[in-house]
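**Student:** Starting from the structure of chain B, add chain Z where the hints point.
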Amino acid sequence: MKGKDNVLLRSFGFLAATFTISPLVAFAVSAFAGAGKAGGANKALPLLLAFISPSTLSALKFSLVQATMSTVLALLVGFPGAFFVARYNFRGRRFFMALAAVPFCLPAILVILSFILYYGKSGYLTLALARLGYIPKGEGLLYSIWGLVFVHAFYNFPIVIQNVGSVWAKMPRSREEAARTLGAGRLRSFTTGTLPYLLPSILQSASLIFLFCFFSFTIVLVFGGLAGSTLEVGIYRAIRFTNDRPKALALALLQTAIALLVVGAFAHFDRKNAAISKDFGNPPPRRRPRSFSLLAIGAYSILIALFFLGPLFALTAEAFTVRSSLAGASHFGLENFSRLLTGPNPLLLKAAGSSLALSGFAALAATALGFSVAASSHYAARRGQTMKAIGFGVSMNSWIIAFPLALSPAVISAGWSALMNSSGDMLIVIGQMAIAWPFVARSLSAAFSSIDRTRNEAARTLGSSPLQAMIWVDAALIAPSVASAAAFAFSITMGDANIPLILGGGKRETLPLLLYRLTSSYRFSEACAVGIVLALFTSIAFFLKERTNETS
Amino acid sequence: MNLIRVIPAEGEMRKAHFLGMGTSRKFRGVFLSAAAILIVAVSSLAASCQQAETKNLTIWTYDSFVSEWGPGTGLAKLYEQKTGIKIDFVSKGDGGALLSSILAGGKNIDADLIIGLDNNLASQALDSGLFSAAKLSNLGKIDSKLLVDNKNRLIPYDYGNFAFIWDSQSKITPPASLEDLTKPEYSKKIILMDPRTSTPGLGFLAWTQAVYKDGWKDYWKRLAPSILVMTPGWDTGYGLFTKGEAPLVLSYSTSPAYHKAYEKTERYKALVFAEGHSAQIELAGILSSSKHRKDAEKFLDFLVSEEAQALLPETQWMYPANASTPLPDSFSVVPKNIVTLNASVADPVNDPEAAAAILAEGAR
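Protein sequence lines correspond, in order, to chains B and Z.
Under my numbering, the letters of the first sequence match residues 1 to 552, in that order.
Under my numbering, the letters of the second sequence match residues 553 to 916, in that order.
Chain B extracted, bound-state conformation (with noise of 0.2 Å):
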C-alpha cells in the first residue's frame, strides 16, 4: 500500500507538471533552436547585461512597487467586508462572496472601459458630479500610479472577502472570547484571539492580488502612467516584435524568479491556513446586524456600490447604449445584442454555445486532474508519507499546484504555439484546462485537509474497508468542494481569450474571442454587450460555488 501510493502521488504530481513545463520547456527550445537572429553562445553576453539593463531594473522596481501598493490597499478595501460576510447574516452576503469571481474573469480590456465610462472624464461619476457642481481637479489623475493602484486595488478586492471572510466565518469565538473574560480590550481581543488565525489567510490573499497585479499588463500600461513598464512588456517585445527568443526567455526566468518567491509564501500561508482551519470545528451561527454594524454594512455596501459596482454597472449601461444615428447622439436599446444575436449568423448564441462546450469539458478535464492531484497527496499525507518540503516548509505537490502561477503568460502562450502543430478544439480543452487545474488542486486540497477525520474511523471501526471509508464518507464530504471547484475552473476557463486565440486556429469563436474581434474592429458598445454576456455566465457559475459551499 505504501508504495502504491508513493506511485500515485507522483505519477500525478508528474502528470500534472507536464501540463505546466511542457510548453515552458517548447519555448526554451525554440529559443535556442537558432531561430533568433544570432547563433547561441555569443547571446550569452547580452542576456546578461540584459539582465542588468536599467530599463530591467526600473521595469522591475515599478512592478514591485505598484504591486504592493495596490494589494495595500485591496487588503483594506476587502478586510471591513471579510468581518461583515463571517459575522452577520445579512441581505447581499452571498453576493459580496460571488463579487470575487470579477478579478477571475472580466477580461482586461472591459475593466478598462468600465473604469472610464464611469470615472471618464464623460463618464457617469464624473458627470454626476458635475451636475452636483463639483468638477473634479487632476486631470489625467487616472493615468497615473494613483489610477493603477485604484483600479487594481477596486478590482482585486473581492479576494479579500471571499478568502479571508470564509476562514472567518469558520473560526470558533472561544479565543476572543476568552480573551475578553480575561479583561482584554476589544482590539486587545482582536489581536491576540483573533488576528494569528486570521493572518495566514490574510497573507495568503495578499500573496494572490500581490502576483495578479504583479504580472498584470494592459491595466498597468494604461493606468500606470507613462512610467509604466513592466517585465512583462519586455518579454511580450522580445518575442512579438524582436524575435529575441533568448532574451524573453532571460526576461522571463527573472520575473518567474521573483514570482516564485511570492509564491512560495503564497503555498506556505495556503498550507498554514488550511492547518489551521482543520481545528475550527463547526462554523458559529452568524447573527443578525443591529443598530451600530446594520449601520456600518450599510456604509460599507454604499461605498463598494459607489467605487466598484459603479463601473459594471457603466459598462452594463454601455452594452445598452446604441451610437448609431446621424446626430452623432446615442440612445438605450437592445441593438447592440440584437445585431449579434439575429440573422443567418447569430455570433453570440455559436459563441455562448462555444464557450459553453468548450469550458465545460476543459473544467471537466481541469476537475478530473486538480482532483487527482489533491487526492493522491491527502492520502499519501494521511499515512505519513507527506513528500519533503523543498522551501517555506512546502512540499513538492504544493510547489507544482503554485509554480503556474509564476509564469509570464507572453511565455506561456508562445510555448503552447511552439507544442502545438496544429489547431483545434481539442487543443483549446487541454490549454485551458492547463490554465484552471492549478486552482482546483488548490481549493480540494484546503477541502481535503479540512474534512473531519473521525467519520472516517467511525465507519471504519463500524467495519467498513479503507476503500469503502474512502468513498462513502470522504467522498460524500468532498463532493460539494468538488463541484464548486469545477464551477470556479469553469469561469476561468469561461474567461480566458487567450488559448482560443493561439490554439483555435481562427475556426472556432468563444465568447472573449468575439470580445477580442469586437474590440479590434472598431466596436467597442458591442463588446461590451459580449462582456456583460460573459459576466453573467460566469458569475452564475461562482453563485453556484457559493450555494454548495453554503449548504456543505
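Don't read these hints as lab results, they were simulated from the structure.
Predicted model, so just to flag it, every value in this text is computed and none were measured.
Beta carbons: idealized from backbone N, C-alpha and C, even for Gly.
Check before you lean on any hint, since a few could be wrong.
Calculated from the model, a selection of chain B residues having no Cβ within reach of chain Z, i.e. all distances over 12 Å [as the list claims (entries may be wrong)]:
no.	residue
1	F19
2	T256
3	P284
4	L356
5	G360
6	S539
Calculated pairs, EDC-like style, for lysine to aspartate or glutamate (alpha carbon to alpha carbon, straight line, at most 20 Å) [unchecked claim]:
no.	chain 1	residue 1	chain 2	residue 2
7	B	K350	Z	E620
8	Z	K843	Z	D640
9	Z	K638	Z	E913
10	B	K507	Z	E905
11	Z	K816	B	E176
12	B	K507	Z	E632
13	Z	K795	B	E335
14	Z	K634	Z	D847
15	Z	K769	Z	E913
16	Z	K765	Z	D732
17	Z	K843	Z	E827
18	Z	K769	Z	D732
19	B	K61	Z	E913
20	B	K507	Z	D640
21	Z	K659	Z	D847
22	Z	K703	Z	D679
23	Z	K795	Z	E818
24	Z	K812	B	E335
25	B	K121	Z	D640
26	B	K121	Z	E620
27	B	K61	Z	E905
28	B	K507	Z	D662
29	Z	K735	Z	E913
**Tutor:** Just chain Z, lined up with the frame of chain B:
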C-alpha cells in the same frame, strides 16, 4: 466473458434472418461483397480527399482577417467559385504572434501562404529566408511606392496612413502638424499607442524619425506633456478615444470611413499633417516550403486583382494596394491629400525603448 461471445453470434443470426438468407455461407458472401464495396468506397473517398487536398491552400494569417468582419470568408468564397480551390485560413493570433509562429515554425510550417505581415516586420521575415519570390501578372497594378521587397517575396495587398483622429465635438482646434501637437493647448489631449507593444506606436515612431531625423528624441521630449496615455494596443487606445477620454488619438486616416459606414456620423475626422505621414503596408508572401507553389502564386495574383481588392476597404479599413480598385462611398470622408513618407524605425530594437523612456521622463 460469455456475454461477449454470445452477442455477436446473435447479431449475426438476426441479420442473416433479416436479409432472408438461410445459410451462413450465403451471408458470408454478402458480407464479403459488402466489405469489398466498403473498401472501394472508402479508398476512393480517401483518394478524392487527397485529390481535394492537393487543391486546398492553407493560409496563415492574423485573427481579425478571418473574423466575421474581416475579408477572409468573402475572399475564400469568391476564389472557390472561380477556381474550385478551397482556402483554409488558419489564424495565429495577432500580427506579432503571426510573425513569431512563422519564425518558430521555420521550414516545417504546414502552410502555403502568409497574409498579414507588415513593413515593420518585413525585414525579419525576409531575413529568415522562409519566403520565395512570386511572379504575378497583376504586379504592375500595385502602387509602386508600396513595393518593399525588390525580389517580390512579400507582396503588398493593402495599406493605410497613420494619422491623428480628431473629435470634432471637442472644443479644441485641430492641429495641423506634428509640431502643433507639442503646443501647450494640447496638454494631456492625445492618446498614443506604445511603440514597444503595437504597430501604430511603431509607425508613429517611424513617422517622427522620418520628419525630425536625428532630432526625433527632442521632439518626443517636447511631445511628452501632450500625451494623456500610451496604450499597449490600438483597440484599447481607440476605445478610450470613442469614450471621450481625449480629443485626439493615433489611428489610421481611413478610420472615419468606419464611422461613416456603420454609425452614419462624420464626427471623427482624420487630420492631414503638413510634414507628411508614415504608412502601414500589409504584406503577403509564399513560403518556400509550400508544396503548392503554382496554386499559391495564383491565389496571390487573385488577392491583388481588382475583384478581391474591392473586398478590402470596408473589412480591413485600409486602402487597396491595387490603385485601379474602385473605393466605396464611405471612403469619401478619408482625406485624399496625404503625402506618404518613406519611413521606418532606424533601430527597431532600441529606439522604441528610448521613446517610451522619454515619455516616462517627461511625465514625471
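**Student:** Check the structure against each numbered hint from earlier and tell me which ones fail, lowest number first.
**Tutor:** Checked against the structure, the hints that fail are numbers 9, 10, 11, 17, 25, 26, while the rest are satisfied.
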